[in-house]
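Participant: What follows is the residue order along each chain.
There are 2 protein chains.
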Amino acid sequence: MFIDTLIDKIKEKNNPSVVGLDPKIEYVPSFIKEEMFNKYGRNLKGVSEAILTFNKYIIDAVYDIVPAIKPQLAYYEMYGLEGMRVFAETCKYAKQKGLLVIADGKRNDIGSTAEAYSAAYLGKTLIDEGISEPVFDVDALTVNPFLGIDGIKPFITDCINYGKGIFVIVKTSNKSSGQFQDVLTMESKSMYEVVARYVEEWGQYVKGKYGYSSVGAVVGATYPNQAKILRKILKSSYILVPGYGAQGGTARDVAHSFNYDGLGAIVNASRSIMCAYKSEQWKDTYSEEKFYEASRAEAIRMRDDINNAVNGSKI
Amino acid sequence: MFIDTLIDKIKEKNNPSVVGLDPKIEYVPSFIKEEMFNKYGRNLKGVSEAILTFNKYIIDAVYDIVPAIKPQLAYYEMYGLEGMRVFAETCKYAKQKGLLVIADGKRNDIGSTAEAYSAAYLGKTLIDEGISEPVFDVDALTVNPFLGIDGIKPFITDCINYGKGIFVIVKTSNKSSGQFQDVLTMESKSMYEVVARYVEEWGQYVKGKYGYSSVGAVVGATYPNQAKILRKILKSSYILVPGYGAQGGTARDVAHSFNYDGLGAIVNASRSIMCAYKSEQWKDTYSEEKFYEASRAEAIRMRDDINNAVNGSKI
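Chains as they are written, first to last, in numbering that gives the first Met the number 0: chain A, 0 to 314; chain B, 0 to 314.
FYI, nobody ran anything at the bench for these hints, they're computed from the structure. Each statement offered as a hint is correct.
Since copy identity is lost for identical chains, a pair holds within one copy or between any two.
EDC-like, lysine to aspartate or glutamate: derived pairs with alpha carbons at most 16 Å apart:
{"#": "1", "residue 1": "44", "residue 2": "132"}
{"#": "2", "residue 1": "174", "residue 2": "149"}
{"#": "3", "residue 1": "23", "residue 2": "127"}
{"#": "4", "residue 1": "44", "residue 2": "127"}
{"#": "5", "residue 1": "38", "residue 2": "127"}
{"#": "6", "residue 1": "55", "residue 2": "88"}
{"#": "7", "residue 1": "23", "residue 2": "132"}
{"#": "8", "residue 1": "94", "residue 2": "63"}
{"#": "9", "residue 1": "23", "residue 2": "128"}
{"#": "10", "residue 1": "231", "residue 2": "200"}
Just so you know, these numbers come straight off a predicted model, no measurement behind them.
Given these sequences and hints, build the entire structure.
Facilitator: Structure, rendered in structure tokens:
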């Protein structure tokens with residue numbers, strides 16, 4: 000079951016954080032880019048190979064200290080078919096290294112179509128009578144709830160059948176997230192609270208041994224006050240927290256998404272880990288050639304920063 | 000500009016409908032499946048080749064009578080990398096036949112990530128300084144507004160820069176769409192009205208010669224009463240109407256999404272066209288080998304059915 004494995008890995012590594020792999024070509028060190036451009040050309044194939052190499056370096060540098068990676072599908076789709084191949088290979092490589100893979104795709108559609116998305120990422124695709132195959136086969140997928148339960152149920156079915164997980168977006172980290180998510184309803188509730196109540200309800204079907212559910216929620220680090228409210232509503236949901244680091248969320252901000260047991264949330268950082276070698280903090284210690292050591296140093300700093308804030312706030 | 004080209008094609012073909020290409024393998028006639036399974040194996044490659052052949056037959060059968068096709072990304076992602084290749088080849092083939100391509104992906108994310116999605120489908124992807132390439136390069140994409148304007152703006156920018164379009168989901172055709180979309184706000188408005196007001200506002204930046212905008216909306220045929228309200232709010236938005244046919248929406252239902260000028264909406268049908276050869280209406284007239292002739296007959300019937308209802312309701 001996804002949520003139990005996630006929590007086991009978080010405990011084992013004492014690290015409630017996840018490395019986001021959203022690799023823009025601008026993030027990739029020149030020596031990798033030039034090698035791949037020379038080998039494959041200055042085109043989508045060359046870029047994709049550069050990104051795959053970059054991803055593998057980062058995975059090698061952090062796999063023993065983090066429980067999971069979170070590749071963002073948009074950053075693979077943007078490189079076309081080669082990009083999607085690199086997405087698949089990145090997921091495979093990370094799984095071989097014992098990492099969980101949370102694909103960030105925010106997929107959503109009506110029920111019959113959500114079934115197709117779920118087959119692509121969580122379940123299996125029908126080939127012919129009696130023959131099905133897993134496709135991208137990640138451990139969890141982010142989904143968008145705007146179409147209601149019809150569009151969520153197929154994912155939950157695959158969570159049950161294949162031991163997978165989903166994270167439903169509830170309150171996103173971006174500036175304009177309030178435009179619809181904060182709208183006040185007739186009952187003086189915000190839309191994000193309405194969504195959260197349903198997410199908590201949907202999760203009852205996939206609860207694991209720790210009392211948490213494989214139906215999680217996404218709540219941005221940039222909204223700590225809303226996180227406090229949502230932590231109470233989402234009693235059995237794990238919260239995936241984007242927005243730490245480059246987007247401005249601090250460890251104190253993310254601490255609100257954790258429970259008193261020190262569990263209940265996993266914090267993502269993408270750019271601050273991938274581009275650590277360019278940061279004020281690390282650029283004098285690590286050369287561009289050792290960018291992956293900077294990523295590891297930043298992943299450790301982040302882990303300790305979050306653990307300190309979570310433990311501090313729960314004393 | 001997308002919206003002008005769309006309207007020109009609708010007028011030229013006197014047909015405000017679009018053929019959805021959501022090809023499940025169960026829809027593909029046995030003779031195609033068996034040929035491709037024999038050639039490539041009973042696997043994701045074989046399925047994908049069968050679907051590509053099926054799509055090309057349907058495109059060949061309807062390209063002179065419909066303005067556009069709408070491939071649903073989920074049904075290509077579910078067949079993995081081969082599926083995505085077939086998506087790309089289907090789009091290319093349709094464009095060569097003079098059809099517009101509306102990719103149904105309901106993509107959504109924070110601004111920086113929405114930029115990546117937009118590069119993948121509407122704009123161009125940066126390869127290296129000074130080098131960019133179009134990727135899937137469709138004419139329009141459906142998007143989900145749940146993250147607010149931050150996540151929509153990058154798509155609008157590419158609509159402006161590359162003459163593309165988007166359709167923002169406002170009121171979807173599925174049963175549970177009301178769970179969040181119908182929630183009443185403090186001001187006694189439904190969420191779908193709140194969303195629609197923003198969509199209308201966002202569209203002001205991309206208006207074409209007919210007064211319509213390249214920022215359209217998705218409003219399901221299964222909610223005719225809501226469509227009446229939304230048609231008034233969405234003054235300059237074209238409405239993409241799913242839910243006609245297999246999902247239960249009738250021509251009278253979809254007529255509410257049109258304006259008095261006979262424009263303002265384009266109606267999608269997927270299953271009823273793709274599987275016309277299996278339907279009560281056509282199965283006695285067309286054999287499975289002539290499935291594409293059934294699709295053409297159904298596309299013509301649908302065109303006339305909608306035109307009659309629209310013209311009738313506007314007299």
